[in-house]
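J.: On the provided structure of chain V, position chain P as indicated by the hints.
If you read the sequences in order, they're chains V and P.
Be aware that the first sequence starts at 1, since it is given in the working numbering, and climbs by one per residue.
Be aware that the second sequence starts at 1, since it is given in the working numbering, and climbs by one per residue.
By construction, these hints were calculated from the structure, which means they are not laboratory data.
Note that beta-carbon positions come from the ideal geometry of N, C-alpha and C, so glycine has one too.
Where hints are given, some of them may not hold.
Said to hold, decoys possible - Take a look, some chain V residues computed to stay more than 10 angstroms from chain P by CB distance:
{"id": "1", "residue": "K12"}
{"id": "2", "residue": "G84"}
{"id": "3", "residue": "R94"}
{"id": "4", "residue": "R152"}
{"id": "5", "residue": "T165"}
{"id": "6", "residue": "P214"}
{"id": "7", "residue": "E233"}
{"id": "8", "residue": "S437"}
{"id": "9", "residue": "G447"}
{"id": "10", "residue": "A451"}
Claimed, not checked - Which residues of chain P face chain V? A few of them, derived with a C-beta cut under 8 angstroms, are:
{"id": "11", "residue": "G8"}
{"id": "12", "residue": "K9"}
{"id": "13", "residue": "A36"}
{"id": "14", "residue": "A41"}
{"id": "15", "residue": "P72"}
{"id": "16", "residue": "A73"}
{"id": "17", "residue": "Y93"}
{"id": "18", "residue": "S97"}
{"id": "19", "residue": "V116"}
{"id": "20", "residue": "A119"}
{"id": "21", "residue": "P128"}
{"id": "22", "residue": "L131"}
{"id": "23", "residue": "R152"}
Number of protein chains: 2
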Amino acid sequence: MHYSQLFGKTRKNISAETESTNAKLLIRGGFIEPVAAGIFAWLPLGLRVLRKVENIVREEMVNLGAQEVLLPALHPKEAWEKTGRWKSFDVLYRLKSQSGKEFALGATHEEVITPVVKAFVQSYRDLPVKLFQIQTKFRDELRPKSGLLRGREFGMKDLYSFHRTSDELQAFLPEVTRAYLEIFERCGVSARVATASGGAFSKDHSFEFQVTTPAGEDRILLCSSCDFAENAEIAVVKLGGKCPRCGKKIREEKGIEVGNTFNLGTTFTDIFDLEYETEEGRREKAVMGCFGLGTTRLVGTIVEANYDERGIMWPKTVAPFDVHLVALVPRGGLAGKGAPRPAAQGTRPVSAQGTAGTTGRGRHEEVHAAADALYGELRRAGADVLFDDRENVSAGEKFADADLLGVPLRLVVSEKTLKADSVEWKERGSAEAKLVSRDEIIKAVEGFLRA
Amino acid sequence: MHYSQLFGKTRKNISAETESTNAKLLIRGGFIEPVAAGIFAWLPLGLRVLRKVENIVREEMVNLGAQEVLLPALHPKEAWEKTGRWKSFDVLYRLKSQSGKEFALGATHEEVITPVVKAFVQSYRDLPVKLFQIQTKFRDELRPKSGLLRGREFGMKDLYSFHRTSDELQAFLPEVTRAYLEIFERCGVSARVATASGGAFSKDHSFEFQVTTPAGEDRILLCSSCDFAENAEIAVVKLGGKCPRCGKKIREEKGIEVGNTFNLGTTFTDIFDLEYETEEGRREKAVMGCFGLGTTRLVGTIVEANYDERGIMWPKTVAPFDVHLVALVPRGGLAGKGAPRPAAQGTRPVSAQGTAGTTGRGRHEEVHAAADALYGELRRAGADVLFDDRENVSAGEKFADADLLGVPLRLVVSEKTLKADSVEWKERGSAEAKLVSRDEIIKAVEGFLRA
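Bound-form chain V, shown alone:
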């Protein structure tokens, strides 16, 4: 992708209302655009990240033996009245058709999935059923905040499982936990499991997957040694107290809840009469679990866990592009436009040295042709490349943009690198820039992407 053609450029000034790091960086980078409080448009760069996160989630759900479905956002009022949540679910959006029929906007999908599954389950042979979707959820938050962390409209993967027995569900829970931890690790964040309240879903405790970061809304009490953790809302341990598991000291951190698991028992299958015939011919209610994972929130969390003072540092697995290729053409040969801004803080790039003051159409075209050729080779090697081909933008501005956008590997082609028959190589997480020989660059990039 040529950056000059990309819709959604970097911006220096964004609304002063934007407080959270994830929103600031994602809006400045042109990943997302606010439409209203807690409501965002996903621009091309941001959508690339979201799709990568969704695909990781999808792969792990399929590995778990779950099948993908897509449920509607408009839910008949009757289903939510049956469960009592039409009134009790505090963030439910409700609306009325011109025909008078009322709907809830899907805030969660137990009220829809349970009758759908009932239509296909008769016998124990039809169970277990494990269905997931990646779909938009709507919640009437009084105070949407923290960018992608708490919105009115957001993406979620929700998995629902239906089992013969409570034991069967209990045996499935650690499988989901493993899949979730795998998802978070693949997305470059480290989550831990905390006990929490069942909320609007269950009287039992639930389990939350918490990424500890100062940006989190939840207070987590966790052991400084073992993996014991509780949401402070329900915690029986105290800050500074002893871990009930290993006796070490309890500390407190803030956390972002990126996933949860609820054992719903037969609450919903009782209400919707989801019965099956056991092997012995008895009629029993299926036992249900539900497992949420906020996909858009996870994108926000990845940013909160991977940034520095210059911008985002995407993990390779979810980066919008693999390589950010910068062509540094000599300025002055063309009409200058747009004030150059100061170079990014930090190491002075090798490629910027010695280019100041040079001009000339010939060298300009030489750099462009070399960058074009490299762009083509990288793409043929299977790399997704963002190619900053802009004219009349200073080296400093291009480097600052690259740092803000956070693509894992930056390559620079300039007069300087051409002279050395090489390409400048800088990884986003490293302060060091180095020259890699032109002959070896493709192999080096392939190695970097595989690593």
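T.: For chain P alone, coordinates are given in the frame of chain V:
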């Protein structure tokens, strides 16, 4: 995919309210499940089809130079009041937050995309902009009907383009038309372009892409010779009259509108003040086009255009699977269960001949092992295979299900085919079943999929 494991089986009895062919076949086949009038859940089989359609649409949009975004469904009331459509858009769902803030549910996205684009367009260099999304739309239809053809919640690809001049937009229109016709052809339906009203979008005429079928809601007056066509709502020609283009006779057909193009001029860019600086330094409003294509409606249309009395006949490009592999195991060796239903109408399959009355565990396992092996080989050859591995289901029932599900190629492994060291081959669109030698079957399938 093993059919025994698939969520969403075929059903003989569905609600008597279901009148349209597409809904009947898709619900009976387990592709979709009704949740409320005009609102469906997409089950795994149906979602596979929808994703294939979406990917074809996505590819053609990218070929057109458009970039993908994802806009929200919750739209601030203020934007819709600005355009006057908060009141005038007759099928708009409106809702109120507990904070008192009002939203429209996205029925179309001019009110959202125009301000988003404005944030990134300053100069003529930033134009044209071509953005599309594949997203859920909500319309408060008084009488949702015809299955996937007119729903309250449905999938749509909407493309919005912003141009420097009206000429630039005019030059883009035939490119979109070509892309649309390519999409419909790839999806196995034949669409023609009809002039129609601008509706809630424009005072000018629009263009509709109409698939003519008796299931259509629109009346189309079209030339029996050339490609002239008009929606009857605005037609100046009359049934039986002369074509203004070629003089031949005008006939009437019913049509399903699967896409449309609107020249919005500067209606929305005036309202949202989407200005740019021309090369000469003047301030001008961008000129806007919008281009809809109903993705879920297209799935319904594909069914309406591709079925027979036994079920759906998916075009290869959008079929949920490439191959429907049936293992016909001798019955009786195992406890029978479930009454066999009569064989599908039509040709008696080669593989069913001579198997009646045979029993025995050994032969049963032999057939299963052979089918398993073929399943593995087909998958390694890159085919998506639905493997009907069910026990205690009659040949007739398996064939009837295969016909209903409509996968393009049915392969059967049975005692009979094993004896002949071959596999039974039947294409969904053909009445002929034939035996293909086991040695040649993979090559034959590869050839079929490439064709």
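J.: Looking at the structure, which of the earlier hints fail to hold?
T.: 3, 4 and 21
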